[in-house]
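Number of protein chains: 2
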Amino acid sequence: MLRMLRKVCFFKALTPREINQILAIARLRRYKTGAAVFMKEDIGSHFFIVKCGRIKIFTAIGAEKKKTFAYLKKGDFFGEMSLLGGKVRSASAEAVEDSELLVISKKNFKALIRQSPDFTLKLLYTLADRLNRSDKEIESMLFHNILGRLAGAIMALAGNKSAALKTAGQTNPLRMSLNQNELAEYMGTTRVPVCRAINTLKRSGVIDYKRGELTVLDMDKLRSISGNSAVRTPRSPVHAHA
Amino acid sequence: MLRMLRKVCFFKALTPREINQILAIARLRRYKTGAAVFMKEDIGSHFFIVKCGRIKIFTAIGAEKKKTFAYLKKGDFFGEMSLLGGKVRSASAEAVEDSELLVISKKNFKALIRQSPDFTLKLLYTLADRLNRSDKEIESMLFHNILGRLAGAIMALAGNKSAALKTAGQTNPLRMSLNQNELAEYMGTTRVPVCRAINTLKRSGVIDYKRGELTVLDMDKLRSISGNSAVRTPRSPVHAHA
Numbered sequence: 602m603l604r605m606l607r608k609v610c611f612f613k614a615l616t617p618r619e620i621n622q623i624l625a626i627a628r629l630r631r632y633k634t635g636a637a638v639f640m641k642e643d644i645g646s647h648f649f650i651v652k653c654g655r656i657k658i659f660t661a662i663g664a665e666k667k668k669t670f671a672y673l674k675k676g677d678f679f680g681e682m683s684l685l686g687g688k689v690r691s692a693s694a695e696a697v698e699d700s701e702l703l704v705i706s707k708k709n710f711k712a713l714i715r716q717s718p719d720f721t722l723k724l725l726y727t728l729a730d731r732l733n734r735s736d737k738e739i740e741s742m743l744f745h746n747i748l749g750r751l752a753g754a755i756m757a758l759a760g761n762k763s764a765a766l767k768t769a770g771q772t773n774p775l776r777m778s779l780n781q782n783e784l785a786e787y788m789g790t791t792r793v794p795v796c797r798a799i800n801t802l803k804r805s806g807v808i809d810y811k812r813g814e815l816t817v818l819d820m821d822k823l824r825s826i827s828g829n830s831a832v833r834t835p836r837s838p839v840h841a842h843a
Numbered sequence: 602m603l604r605m606l607r608k609v610c611f612f613k614a615l616t617p618r619e620i621n622q623i624l625a626i627a628r629l630r631r632y633k634t635g636a637a638v639f640m641k642e643d644i645g646s647h648f649f650i651v652k653c654g655r656i657k658i659f660t661a662i663g664a665e666k667k668k669t670f671a672y673l674k675k676g677d678f679f680g681e682m683s684l685l686g687g688k689v690r691s692a693s694a695e696a697v698e699d700s701e702l703l704v705i706s707k708k709n710f711k712a713l714i715r716q717s718p719d720f721t722l723k724l725l726y727t728l729a730d731r732l733n734r735s736d737k738e739i740e741s742m743l744f745h746n747i748l749g750r751l752a753g754a755i756m757a758l759a760g761n762k763s764a765a766l767k768t769a770g771q772t773n774p775l776r777m778s779l780n781q782n783e784l785a786e787y788m789g790t791t792r793v794p795v796c797r798a799i800n801t802l803k804r805s806g807v808i809d810y811k812r813g814e815l816t817v818l819d820m821d822k823l824r825s826i827s828g829n830s831a832v833r834t835p836r837s838p839v840h841a842h843a
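Residue numbers (our numbering), protein chains in the order written: chain L, 602 to 843; chain R, 602 to 843.
Treat the hints as calculated values from the structure; they're not laboratory data.
Heads up, some of the hints might be wrong.
Identical copies look the same in the list; a pair holds intra-copy or inter-copy alike.
Cross-link-like lysine-lysine pairs, in silico, DSS-like; alpha carbons within 27 Å at most [unchecked claim]: (1) Lys667 x Lys708; (2) Lys666 x Lys822; (3) Lys803 x Lys641; (4) Lys613 x Lys666; (5) Lys641 x Lys708; (6) Lys711 x Lys723; (7) Lys652 x Lys707; (8) Lys723 x Lys708; (9) Lys822 x Lys688; (10) Lys641 x Lys822; (11) Lys688 x Lys707; (12) Lys803 x Lys711.
Chain L on its own, in the form it takes in the complex (with noise of 0.2 Å):
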């Protein structure tokens, strides 16, 4: 467990102690495809490492209104949020393949940010991070039309769904499967207005779409559209909470 969590992102920046007092506390949840983890306005009273799978962080009003924050994948984490003063959750949190967790105890998540500096740096470097892509996204529905939005999704996803494409070789181009409605979610819209955009940079080039498959042909076009150069490169995880 402790050479394969080594390799897993959230924890190459801690020392094998640090990992091993981790293990220590956690325990190890199932979560079939579909399941919730937990929902919007629960009292929040774990945290959670993504051991593998993958899991949807968002928010809902009604059955028709959605919006996708975060994609998670292994080495992932969430559910800090509501531990750090929050006490609800402050958004949902759901298994969107067959999915392992490591679950800690929010009095043992407390007592590791006490005693475990590297864990806490790291839980530091990610959340201004997170805050980052979270400012960049209230500046882009502010200044950006649909177009420069969509861009942005996409390459936000990009990032989340990179080790999928690293198994099947294909770094170049990029391609993912991606359906309308993942991408209306994403952006917190419906799936009219994404469905017209997505044709549109179809009919410019920048990307190809068909059966699901999205591939990115012009990753400084798409980029530029974005508006948003230095912020929502692919490859690099995407913002999530709760």
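Mind docking chain R on chain L? Use the hints.
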């Protein structure tokens, strides 16, 4: 100085030893009203704690499009984000009153987060809170109309004005000087829709507004219109970053 700082929110969580550690490495810098502390896209080289005055964190595209992220007052800090990974400033900072800042170099900041666990925890809690607010704002922009967003903005700004309010001994009803441009920039929009929304809130008896003085007449109703009862309580500091 130590005694003065012990009264400031940011330093309350720290031991006298840690405060002295900060004072030993900080320089005091004065900024006149309107002076830039740093500009968006600058390479981040310093961390700042507000000793007195008021600092606006904002972003702008062209001359027309502006978005205020936060107003910071005594005891608030900013500038950590580009020292924790991002490198370039994600927003601009400007003094909106004559201000004094404690300024810490990147090198000393990095040493501080390694050596001072309470300082690092304080940073961690604040970033989690700011991320929560930032995500709530995204949700609000997607799911709420301009009335809900105005209500949220008034409640968030009320937190920043609380010091002035307390000095004046006016804690109830909540009253603050606030011009329509300030509100529009906080919401990242223009003056005309904000003006309309203010009139709607006035007509329904939630606020009063004349000559740049805004009075909250019905805080419960304002909170309910903001659709964000758990988060945007007044008197809590608004999120900031850069």
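Going down the list of hints, with the structure as the test:
{"no.": "1", "hint": "Lys667 x Lys708", "in the structure": "neither (32 Å within a copy, 42 Å between copies)"}
{"no.": "2", "hint": "Lys666 x Lys822", "in the structure": "between (30 Å within a copy, 23 Å between copies)"}
{"no.": "3", "hint": "Lys803 x Lys641", "in the structure": "neither (36 Å within a copy, 33 Å between copies)"}
{"no.": "4", "hint": "Lys613 x Lys666", "in the structure": "neither (38 Å within a copy, 41 Å between copies)"}
{"no.": "5", "hint": "Lys641 x Lys708", "in the structure": "within (21 Å within a copy, 39 Å between copies)"}
{"no.": "6", "hint": "Lys711 x Lys723", "in the structure": "both (15 Å within a copy, 13 Å between copies)"}
{"no.": "7", "hint": "Lys652 x Lys707", "in the structure": "within (19 Å within a copy, 34 Å between copies)"}
{"no.": "8", "hint": "Lys723 x Lys708", "in the structure": "both (19 Å within a copy, 18 Å between copies)"}
{"no.": "9", "hint": "Lys822 x Lys688", "in the structure": "between (42 Å within a copy, 23 Å between copies)"}
{"no.": "10", "hint": "Lys641 x Lys822", "in the structure": "between (37 Å within a copy, 23 Å between copies)"}
{"no.": "11", "hint": "Lys688 x Lys707", "in the structure": "within (11 Å within a copy, 32 Å between copies)"}
{"no.": "12", "hint": "Lys803 x Lys711", "in the structure": "neither (48 Å within a copy, 45 Å between copies)"}
The earlier numbered hints that this structure contradicts are 1, 3, 4 and 12.
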